[in-house]
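S.K.: Assemble the whole structure, with the sequences as input and the hints as a guide.
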Amino acid sequence: MANGYLNRIAAKPKAFQVLPVELNQEIASNLTNDKDLVNFRAACRAARDAIDDQDSSWFKRFTQLYDYPANLHKNSPGYKAKIRKLYQKRSKYLVRSPPHFKTGCTQREEDSLKMVADLINDSYNSSSSVHNTFINGQKQLTSKNIEAFKDFISRSDIIDNIFRPRPSSRKSKKDDGEDEKEPQYSPLLAAIQVLCIPTILKEPRNLYGFPDSQKEAYSTIVKAPIFGGFNKLEINMVWLLHVMNFFKYHIGNAGENTLFEPFGKLERAEKPFYWQGPIHNGPQELGVHWKGTYAYLDRDEMKAIRSGNPHNQLLMDRNVDHGDSAIQTMNIDIPETHEFPWPASFERHLQSITPPKPARTRAQHRSDVDDSFMYERINQRFQATGYDDEDFHAAGWLNELPNQQGIAGWKRMTMMKYFEDGQGGWDGNALWAYEGVVLPGGQIMLGRWWSPEVAVPGREVYTGPFIFWNTDAACDLIDCDLHGINDP
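Going by full-length UniProt numbering, the residue at position 44 of the sequence shown is 44; the numbering climbs one at a time, nothing skipped.
Don't read these hints as lab results, they were simulated from the structure. Just so it is clear, the structure is predicted and the values come from calculations on it, not from any experiment. The beta carbon of each residue, even a glycine, is placed where N, CA and C say it ideally should be. Fair warning: there could be bad hints in the mix.
[What the hints assert, rightly or not] Quick list of in silico lysine to aspartate or glutamate cross-link-like pairs, DMTMM-like style, CA-CA up to 25 Å: (1) K150 - D160; (2) K85 - E110; (3) K85 - D118; (4) K74 - D160.
[Stated by the list, open to error] Pairwise CB distance ranges, derived in the manner of DEER restraints: (5) L314 - R108: 37 to 45 Å; (6) R108 - P355: 36 to 44 Å; (7) G277 - Q423: 36 to 44 Å; (8) V130 - K74: 24 to 32 Å; (9) H280 - N253: 17 to 25 Å.
M.R.: If you want it as structure tokens, here you go:
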């Protein structure tokens, strides 16, 4: 409709030439479709000059939809021209024609994913806004980039085909006759899909790849470490995505009789949110109130799944099948002083206290180390109390991590869950170790628990997956009943 209207006006001699620049710019600002703006610009020289005047029309369009990019200084030469080019690239890759996402390895996928990573890093660089206000007065915040990110999720298929089986086809051959290998799953794609958790768990669909994700979720610490690479600073993003997919399946599959109903009963304020402030490295306060769940198998089932389940044994994920009590509650505090000293036995299992400066090899000293490794190593201690069939306590640490796949704000989390013995100590036979990742923004944690039991020859470590998410919006920040499963 806008195109036809513009064409009729443009057909009249000097239709736009006689208008002031400001009025032509006002007309341009009311054209919500980029194609209409391009057509208006082509109508005559006056319209073109009004739109091209210091790139003001494109700049205004950008600032209506996005937060300011951190890597472009407002006083730098050609700032608005750079903003115009960035706007046009985002319009192409994120809005009009996002790529079809498979494993994240094509050039179009990579280009699009890098722009999404920039969206995430730059979120809240402009003013935030209130997305929702809950009954207790707590506010859920959002930013232009988060809304653009959510819009990209809805426009693209980035979360529609996670671990979808690929059609079987005859493998192509290399020149030497060997089979070509299947492309590896892109860690950047996995990282961004993990950050889509609030949208994914709100309406889980297309439940693909559960058998593989279940196997990965119970894999050994040796086979699938959460952290690897240089000084174990690199997150195993694909494994983390498998853990997310594991819980997505249980939350989204009504036929399993596991988390579908308990999660569905939660109020909106009790479900996972997107981050509530700028993404950054460095110390970050965690919220107080958390909900979460974990899963386990019987030992013979765990042995079977780790060996590929050759006898097709029925594998029943436990705890997630406990109805409302499958979702536990936990309160976290980061006190200035700690009445509970960090036990050496906890440190032996968790290796939580990391050195302030990561060690580097001779080769790494000689090479150009990526900027993401040049950061201050910070350890933050926290205490926690919670309820999981009975009251428990926990002590843990947050460890600083460098940028992951170009995205800031990730943390390593370690925690020992323990039960008091009634004499001021803890039950040494009921310890549960946790290691995982705090996602950027500090709203969600994913990872692995294990039993720090005495090693038995021939028996692998007993492990399983966990997820926690912040629920401060559902609780009064002074008091929240740990024993109320769904009640704020």
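S.K.: Each hint should be assessed against the structure and marked as holding or not.
M.R.: Hint check:
no., hint, in the structure
1, K150 - D160, "holds (14 Å)"
2, K85 - E110, "holds (18 Å)"
3, K85 - D118, "holds (15 Å)"
4, K74 - D160, "violated (37 Å)"
5, L314 - R108: 37 to 45 Å, "holds (42 Å)"
6, R108 - P355: 36 to 44 Å, "holds (41 Å)"
7, G277 - Q423: 36 to 44 Å, "holds (42 Å)"
8, V130 - K74: 24 to 32 Å, "holds (26 Å)"
9, H280 - N253: 17 to 25 Å, "violated (36 Å)"
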